[in-house]
Every structure is written in C-alpha cells, then in structure tokens.
Amino acid sequence: MPTLFDKVWDAHVVTSVPGGAQVLYIDRHLIHEVTSPQAFNGLRQRGIPLLRRDRIVATADHNVPTKDQDKPIAEPLSRKQVNMLTENCAEFGVELYGLGHPYQGIVHVIGPELGITRPGITMVCGDSHTSTHGAFGAIAFGIGTSQVEQVMATQCVLMEKPRKMRINIEGELQAGVTAKDLILYVIAQLGTGGGTGHFVEYAGSAIRNLSMEGRMTVCNMSIEMGARGGLIAPDQTTFDYLEGREFSPRGADWDEAVAHWRTLPTDADATFDTEYTYRAEDIPPMITYGTNPGMGMGVTDTIPEASALHGAASMEKAMNYMDLEIGQHMEGMPIDYVFIGSCTNSRIEDLRLAGSLVQGKRVAANVTGIVVPGSQQVAKQAIAEGLDRVFEAAGFEFRGAGCSACLGMNEDKVPAGRYCVSTSNRNFEGRQGPGARTILASPLTAAAAAVAGKIVDVRDI
Amino acid sequence: MTPFKQLTSTAVPLPIEDVDTDQIIPARFLKATTREGFGENLFRDWRYDKLNQPKPDFVLNNPAYAGDILIAGANFGCGSSREHAAWAIQDYGFRVVVSSYFADIFKGNALNNGLLPVTVSPAVLDEALRTIEQDSGARFTVNLEAQTFTNEVTGTVTEFEIDEYKKTCLLNGYDDIDFLLSQREKIESFERQRLDFSL
Ligand code: SF4
Numbered sequence: 057m058p059t060l061f062d063k064v065w066d067a068h069v070v071t072s073v074p075g076g077a078q079v080l081y082i083d084r085h086l087i088h089e090v091t092s093p094q095a096f097n098g099l100r101q102r103g104i105p106l107l108r109r110d111r112i113v114a115t116a117d118h119n120v121p122t123k124d125q126d127k128p129i130a131e132p133l134s135r136k137q138v139n140m141l142t143e144n145c146a147e148f149g150v151e152l153y154g155l156g157h158p159y160q161g162i163v164h165v166i167g168p169e170l171g172i173t174r175p176g177i178t179m180v181c182g183d184s185h186t187s188t189h190g191a192f193g194a195i196a197f198g199i200g201t202s203q204v205e206q207v208m209a210t211q212c213v214l215m216e217k218p219r220k221m222r223i224n225i226e227g228e229l230q231a232g233v234t235a236k237d238l239i240l241y242v243i244a245q246l247g248t249g250g251g252t253g254h255f256v257e258y259a260g261s262a263i264r265n266l267s268m269e270g271r272m273t274v275c276n277m278s279i280e281m282g283a284r285g286g287l288i289a290p291d292q293t294t295f296d297y298l299e300g301r302e303f304s305p306r307g308a309d310w311d312e313a314v315a316h317w318r319t320l321p322t323d324a325d326a327t328f329d330t331e332y333t334y335r336a337e338d339i340p341p342m343i344t345y346g347t348n349p350g351m352g353m354g355v356t357d358t359i360p361e362a363s364a365l366h367g368a369a370s371m372e373k374a375m376n377y378m379d380l381e382i383g384q385h386m387e388g389m390p391i392d393y394v395f396i397g398s399c400t401n402s403r404i405e406d407l408r409l410a411g412s413l414v415q416g417k418r419v420a421a422n423v424t425g426i427v428v429p430g431s432q433q434v435a436k437q438a439i440a441e442g443l444d445r446v447f448e449a450a451g452f453e454f455r456g457a458g459c460s461a462c463l464g465m466n467e468d469k470v471p472a473g474r475y476c477v478s479t480s481n482r483n484f485e486g487r488q489g490p491g492a493r494t495i496l497a498s499p500l501t502a503a504a505a506a507v508a509g510k511i512v513d514v515r516d517i
Numbered sequence: 509m510t511p512f513k514q515l516t517s518t519a520v521p522l523p524i525e526d527v528d529t530d531q532i533i534p535a536r537f538l539k540a541t542t543r544e545g546f547g548e549n550l551f552r553d554w555r556y557d558k559l560n561q562p563k564p565d566f567v568l569n570n571p572a573y574a575g576d577i578l579i580a581g582a583n584f585g586c587g588s589s590r591e592h593a594a595w596a597i598q599d600y601g602f603r604v605v606v607s608s609y610f611a612d613i614f615k616g617n618a619l620n621n622g623l624l625p626v627t628v629s630p631a632v633l634d635e636a637l638r639t640i641e642q643d644s645g646a647r648f649t650v651n652l653e654a655q656t657f658t659n660e661v662t663g664t665v666t667e668f669e670i671d672e673y674k675k676t677c678l679l680n681g682y683d684d685i686d687f688l689l690s691q692r693e694k695i696e697s698f699e700r701q702r703l704d705f706s707l
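Protein chains in written order, with my numbering: chain V, 57 to 517; chain G, 509 to 707.
Any given hint could be a false lead.
[What the hints assert, rightly or not] Taking lysine-lysine and the DSSO-like style, the derived pairs with C-alpha atoms no more than 30 Å apart in a straight line are: (1) G/Lys513 / V/Lys123; (2) G/Lys558 / V/Lys136; (3) G/Lys675 / V/Lys217; (4) G/Lys513 / V/Lys217; (5) V/Lys373 / V/Lys123.
[Claimed, not checked] Only some residues are given here: those of chain G computed to face chain V with a beta carbon under 10 Å: (6) Lys513; (7) Asp526; (8) Asp565; (9) Phe566; (10) Ile613; (11) Glu635.
The set of hints was computed from the structure by calculation and includes no laboratory data. Every residue, glycine too, gets a C-beta built ideally from N, C-alpha and C.
My request is simple: use the sequences and hints to build the entire structure.
This is how it looks when you write it as structure tokens:
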C-alpha cells in the first residue's frame, strides 16, 4: 500500500543512518550560476572529482539579462558569476546550456522540455522551485549549496524521509480559473507553513484534467506552503508530453519505461499523514494582497482581517508595505507593471493563454508590461506561433529567456512603491526589487490587468 | 565546520513571523562566488534605507541588543533554498537561531554550516521574547549535548529536538560530505543495480 512518493523514495535509498536519516541516490542534478560556485570551490579545495558528471546539466538563468542576450553581460558581478559557471563546467566536464545556447532557459523550464525530467526519478537543484519537476511523478526538491557539493561528490543527499500529504481537488475549474489560481487558493487555505516537513501529492479529477504545464505550475508553488516538494501521478498526459523529447527514452526503452511508470501511482489503500480535499468549483481567480504567497484571496474579495494564519503584526506589516488596508477591495485598483514569466508561468501554454487575452487589445497607458519566455525553446515556439507579435502589437515587450523580474537580481526590476501584477511565485518584500509591491496572479489575470490598467476579474471579460 | 557544544549569551529579538530568505539576504547580494562577507547585507532592506543609512528602528541597529542568539517568529527562513541566508546570519555573528518552527530547507542549510536552529514551543518563544523586552541584557543558554534551551531570567528549561546524526556532526564539526564519501562502495553497488532507462 505504498504511495507514489514511497515507491520513488524507497527505490532510491542507498542505506539508512542511525537516527533516521537516509542516503538518497539522486538521478539528476540541475545547476545554475548562483548556488553552484561555492560548491565547485569546495570540491576543488578538497580535491574531489564529480562522481557522475553525465547526471548534471547546467544553465544560466538568474543573472542573465533578457535584452541583448548576444552581448556580454553589462553588470560586472553578474557577468563574473555567469562566467564562473562556464569555467567550472569546462573544468569539471559538465554539460552547459549557457547564454546563447538554443536550450538555455530557467532551469525548471528546460528540464521538462528536454525530457531530462521524467517519472520515478530523484532530482535536485540548488533552487527551491525544483519542486516543479514533481509534476512528472519524480521526487524533486531544492537543496542548499553544501548539498549541491555533496551531490556532485557522491550523487547522494542525506535526508530524513519527509511526511506525506495529499491534497485532492475534485470537480471542474470555472472558466477563467487556471492551475495558478488553484495553487494560490490552496496556499491561502493552508498558509506558508502548512506543508512544512511534507511532500505533497496532488490528486483528484481537477488535477488529472490539468495539462503538464498546469501541473508544473501547481507543483512549482509547493514550496510556497512550506512543503519540501509536490508530485502528481504520471498518466497518459505525462507520457504524451515526454514522448519524443530530446532526452526521452526511445524505442524499446520507451516502452519499458512507460510500463514501469504505470506502476508508480499511489495504491488505492495507501494512507497519508495529512490529507485535504477542496472543490474545484469553489476556486475563483486569485490575487495576493500581502507579502507572502499565503496572503491570497479571490479577485473580488476584500482584504481579510488578521487570522490564525496571518497574525495582527504580520498583517499590519504587510499592509504598510503594500500600502493597502484591511477590508479594502482590490478589484479596480490601478497597477503599474505586469510581468508574465518565471518558472511558474513562462511555458508556451502560459504565453498562449495570456496572448489569447491581449490579442487585438492594447496595454493601458499607465502600465509597463513585459513577457519573458522561460526558455529559448519556448521563445522560439512563441515566435513560430506569432505570439511575440501579438504581445508587441499590444504594447508588451517580448524578451529573451531568463528569471527576469521574478527576483530582482538581474536588470529587470520593479521600482520602489510600484504595483506589479506578476505571474511569478513570491510576493515577498523587495522580491522584484527594493520597495516593489507584488501582486501574484495567473497569466490570464495578469494579461487582463495589463489591458485594463487595473485589477479586474477575468470572468467579466 | 566549527563544532558547537554550548553557549550562554544575550539575544537579539526579531518577533516577526514568516521571515523569508529574501529578507535575510536579498537576491541582488547573491552574486558573490565565495561563502564570506554576506553578514554585511544581512536583513539589508530592513537594516538600511535607500541612501544606505541605518534605520534606527531596526533591531540590529539598536545598540541595546546584541549576542550570539537570534530569536525570531514562526516559520523562519521560508522561501528560497539560498544557503547564503545561513551564511549571512553566521557571518554576522549569530551561532543559534531560536524559533517556534523553521522552513525545512533553511533548517538543513543552517545545520550544514554549524548554525544551530533551535525549535521551541510558541509559549517558550513568547516567554523568551517578553523576557528580552523587559531586559535587553537577559541571557539564554543553549546546550546541544543536553538538547536544552534555558531562559536564565525565568529559569525555564526546555528540551529541543535534533536528529541524532546531525547532533553528532555539530558536536564534532563533521560535514555530511565526509560521511557520504565514506559510503562510496554502497553508492556504487546501488548504481549497478539501477535500471537502464532510469539513468
Ligand atoms: S524564475 Fe524565479 S522562482 Fe523560478 S528559478 Fe528563477 S528566480 Fe527562482
């Protein structure tokens, strides 16, 4: 009666350590420029080689500019970090999809699209949104730099098996409601610490009906409720997405792999440490009002009073920062920026969704809008479909691939005091730049806000 | 890693819930390629204003508060996996962070760097914060061997949990990597029985 999580975890335990921790074998290791330099330095200082360099793939995403990507990076520290990744990968023999490579992009976008991600494997990256890859039925989680070094040296991490949670979403989502709204809704119910210590399996008919892109959006934000990771049982949708991808198995290997993947879903009589069930029909288009992703509400709701999830001090601090008030409606509120991108919502389906809304319309005069595809491949596909022209004709800037305004590390930032409706995953103070005020939303809601110049309910459009 | 056994110190109170890693160390300061120097930018945007002047109302800028222990609200360290958050706290000079609970990745990162996360009940946390409010010179003792956190003013002694293996590592200053390297034979034999298509 094991769960999907048990089956994958237990198959990767090399050995157990007295006290509870286990040595977990890692099949795939993704790295990027920000959290890897100290790990490579550590290996060098200890004189240790990589154990399996063919299990590591590197890309540059956090620090890369999204304009003029063919020119050297202007900002010296960013340039140094990206160059160091190039040098480290060359020295240690790691495959690098760096700036200018047709496979470059946000690490959590390129893994799945290249077929590096697949069901039943373990995956890590020095990045908390590694949870994204769980959408394929993989155990995927973010690690710190010390662990990056450990995986480089031994292909293993030492970790206690997390507890198991299942979140069921049953029924059909309303028109205008997306996977992003679904996960923002769940986080608003459980709070930013609701998943601490757990791996979450998402199940139920509304999850099964999601595309792979939608499932990735859901699993991506598992970390926003404090969970170690999220995962979804592989099914025909998963197999159809993976078949024929660059690194997907082929021929007899493919058949054998699919047969194995079909054995992975949670057994009918399996139990979880914690379980929640929600009705898809209850989920409205969501926005956030505060400074953590748990501070979310339906787009037509009023900002709630302090509660057990968000104490009075937290609410006051958030309201001060956001310059909003408890009891206030946000619908109709003018906004300044719209960012469509990030590892949560920068895949082709997200761009199609946003594009379908802005087609033939204009971004409001008070709004600066940027669309940042998650990878070079997404950009290429979008251009092939004419989406770049749809966005540009509407007055959006269509940029090159990268993390962009998701984190205020590269050139793309939101100025202090400005409101940005963002399809990213974190509305922390200063996340999009010092003083920036972030309102998280789906690509549809963000596109609608760009056109209207204010927060609107997409169901009215 | 520096071993940790026991310390008695005054503490710095940060009674804020959900302190995320973007507050601990904002992304724009993650461009360094070594582990040192992050303490300078610890809580950067709470600590300094736009003109880089210290904000007098932030606790780290208040000379009344100092010490090796940071006492913070629930869900400390949520957000990203950046180990830079643990490095910054440690580089600034803290050896212990006390909270009623920690985000998982932060906790792991702290332990991997010899920064001890001590989880106490909300009641014990509240009492500690109230004690400091009344007397900024109040002292606390953290004893890793005994797994106790003591409020030296009220005399409250509370036990905290820590994984046995992690405790041994911290007491002796061992890194996980040394242990994992010692498991090499088991790892390689595990690899040999893996199925081809999972590779
Ligand atoms: S897009 Fe944002 S959340 Fe995703 S990896 Fe990049 S910085 Fe992190």
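Structure-inconsistent hints, enumerated in ascending order: 1, 5, 6, 8, 9, 11
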